[in-house]
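Novice: Given next are the chains, with one letter for each unit.
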Amino acid sequence: MSAIDELCSELAKLPGIGRKTATRLTYFLLKQPPDEVVRLAAAIRSVSERIRPCSVCGNLGETDPCLICEDPRRDKELLCVVEEASDIGAIERTGEYRGLYHVLGGHLSPLDGIGPEDLRIEGLRARVANGCEVREVILATNPSMEGEVTATYVRGVLENAGVQVTRIALGLPVGGDLEYADGVTIAQALAARREMPR
Amino acid sequence: MRLASLTVRNFRNLASLDLELPPDGVVIIGDNGHGKTNLLEAVYYLVLFRSLRGAMDRELVRFGEAGFFIAGDASPRVTVGYEIHGRRKKVTANGKEIKRLSDAVGLVVAVVLSPADRSIVDGGPAGRRRYLDVLLSLSDATHLAALTDWKAAMKQRNAALKRGNASEAQAFDRPVAVAAAKVAARRHRWAVEWQSRFTELCTSMGERTAPGMVYSSRHWTPDGAAEGIQENLRLRIERDLRRGTTTVGPHRDDLLLTLGERDIRRFGSAGQQRTAAIALRLLEAQALSTSHDTAPIALFDDVFAELDQDRQERLLLLIKESLPGQAIITAPRDAEVPAALFERPRWRMVGGAIAR
Ligand SMILES: [Zn+2]
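Order-wise, the sequence lines are chains A and B.
For what it's worth, our numbering labels the leading residue of the first sequence as 1, then goes sequentially.
For what it's worth, our numbering labels the leading residue of the second sequence as 1, then goes sequentially.
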């Protein structure tokens with residue numbers, strides 16, 4: 001296999017990149033100045049060498065435990081459960097959440113052979129059980145069918161753990177127009193309505 | 001609804017057709033095996049984007065070709081192309097690509113009447129459920145969405161059952177039950193709404209024993225919502241685990257057709273079953289006219305030959321009422337088309353081509 005073919009087939013393994021795009025990217029890289037390409041290669045290499053999952057929460061970072069787990073200013077009574085480490089970034093960018101996280105590493109999907117034992121559910125139970133400070137577990141899995149099912153399953157696992165279990169609210173997007181929302185979203189938003197604060 | 005023009009490329013034995021269709025429709029005469037039914041199937045492909053006869057898409061491609069293409073102008077102009085390589089299907093409406101197939105289903109509406117329809121009545125429950133689901137999907141987008149949700153949740157639950165994991169399977173009970181209840185409720189409501197019309201149609205076709213139609217569900221009651229199905233899923237988990245599949249839900253239901261309280265499937269004569277099948281198709285036509293505010297295109301696939309004179313005449317009267325729009329009528333010989341339908345232009349089909 002030529003070097004060009006090799007890079008093409010490596011790139012084609014990336015999500016959302018087909019054979020065509022992989023070829024285009026390869027020829028684009030070939031036209032770049034060598035030091036640019038070396039910088040990209042070095043960045044990829046250092047990510048794979050330096051980044052590892054946090055053994056406590058599953059977040060990705062350069063330290064273990066991660067910076068969030070180690071931060072003394074974080075609220076240790078709150079634990080937010082997400083599917084992927086990338087979800088943490090989305091929540092952190094809001095600056096509204098000061099608690100800790102727990103990454104499941106996906107959602108239940110028997111079709112893909114992913115059961116509870118393949119997710120970090122046992123780790124979550126252990127974290128919540130051992131006389132820890134956690135008072136509330138917020139389930140922030142995706143609002144997809146599998147995400148809902150995973151949230152329901154985790155709630156069952158935490159049934160007797162002595163913590164409050166909550167689910168993030170699902171409903172209308174802020175700044176959106178009711179008229180253009182889909183029926184399922186409107187139904188969810190109606191079901192999750194709340195009393196208005198005075 | 002009227003189809004003004006139809007283009008077909010490499011679909012079954014139809015290599016290349018470009019047809020302008022008269023507003024009232026057309027009569028197509030041709031020997032069996034020359035492509036009359038394939039032409040009707042091509043038109044109906046624009047309705048559901050899958051084979052009328054349950055064939056796989058790649059089986060529809062003309063031998064030796066890479067794919068097929070069909071375009072029909074029924075305001076909107078709808079096109080669909082399929083490539084064997086990559087199994088790609090592309091649908092457009094008025095020049096704009098439609099990404100989700102479910103958004104394109106029902107843009108064109110047609111009803112097919114064919115001798116094969118008798119299998120809806122004398123065959124197993126699956127054919128009757130399919131009849132209901134197709135017509136409900138065409139008339140109500142939320143039914144197709146509920147069906148899709150239900151099937152997705154069922155696949156996950158069944159995969160967990162096959163892995164032998166009860167708690168994993170039960171985690172999917174709720175989404176299965178919620179979608180299943182919607183599917184069953186809509187089918188049930190439809191049967192209630194149209195049962196008296198079914199009786200009327202069978203009677204108008206000459207049926208003397210009181211015909212009836214009722215949706216029958218073992219694990220569901222009209223007032224039960226999702227909870228009833230969910231409770232049944234819970235109760236039957238052991239059996240489901242043993243069989244490795246979900247045994248509770250609308251995939252076990254049936255649309256019961258009766259004559260004087262007796263099952264037409266088991267006790268009806270061939271003629272009575274044929275009558276019931278035609279009544280179901282006319283019902284479909286009326287239901288779609290109601291939901292779409294226009295009569296569906298009628299596709300008659302050699303239906304008249306097997307009816308006696310009396311039933312033919314009765315059917316023609318009902319067609320005037322239920323399917324007053326455009327009609328494409330096929331028959332092997334001129335003599336098998338009722339004179340009343342012969343005001344339309346007559347085309348001949350030979351070897352997949354139209355000779356006028
Ligand atoms: Zn951490």
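Bear in mind the hints are in silico, worked out from the structure with no lab data behind them.
One thing to keep in mind: the hints can contain errors.
If you want a taste of the chain A side facing chain B, the calculated C-beta under 7 Å gives, among others [to be verified]: (1) Leu-108; (2) Pro-110; (3) Pro-143; (4) Tyr-153; (5) Val-174; (6) Leu-178; (7) Ile-186.
Note that the Cβ used here is the ideal one computed from N, Cα and C, for glycine as well.
Novice: Please verify that hint: Leu-178 of chain A, Cβ, nearest Cβ of chain B, below 7 Å or not.
Specialist: Since chain B brings no Cβ nearer than about 18 Å to Leu-178 of chain A, farther than 7 Å, the hint is violated.
Novice: Against chain B, is Ile-186 of chain A within 7 Å by beta-carbon distance?
Specialist: Cβ of Ile-186 of chain A sits 12 Å from chain B, so the hint is violated.
Novice: Answer holds if the nearest beta-carbon of chain B is closer than 7 Å to that of Val-174 of chain A; otherwise answer violated.
Specialist: Violated, because the Cβ-Cβ distance from Val-174 of chain A to chain B comes to roughly 25 Å (cut-off 7 Å).
Novice: Once the shortest beta carbon distance from Pro-110 of chain A to chain B is found, is it less than 7 Å?
Specialist: holds (4 Å)
Novice: Does the closest beta carbon of chain B sit nearer than 7 Å to the beta carbon of Leu-108 of chain A?
Specialist: holds (6 Å)
Novice: Holds or violated: the hint that Pro-143 of chain A contacts chain B, with Cβ atoms closer than 7 Å.
Specialist: violated (12 Å)
Novice: Identify whether the interface hint at Tyr-153 of chain A stands, where standing means a beta carbon of chain B within less than 7 Å of its own.
Specialist: OK, holds: Tyr-153 of chain A within 7 Å of chain B, min 4 Å.
Figure legend: structure checked against the earlier numbered hints; hints not met, in rising order: 3, 5, 6 and 7.
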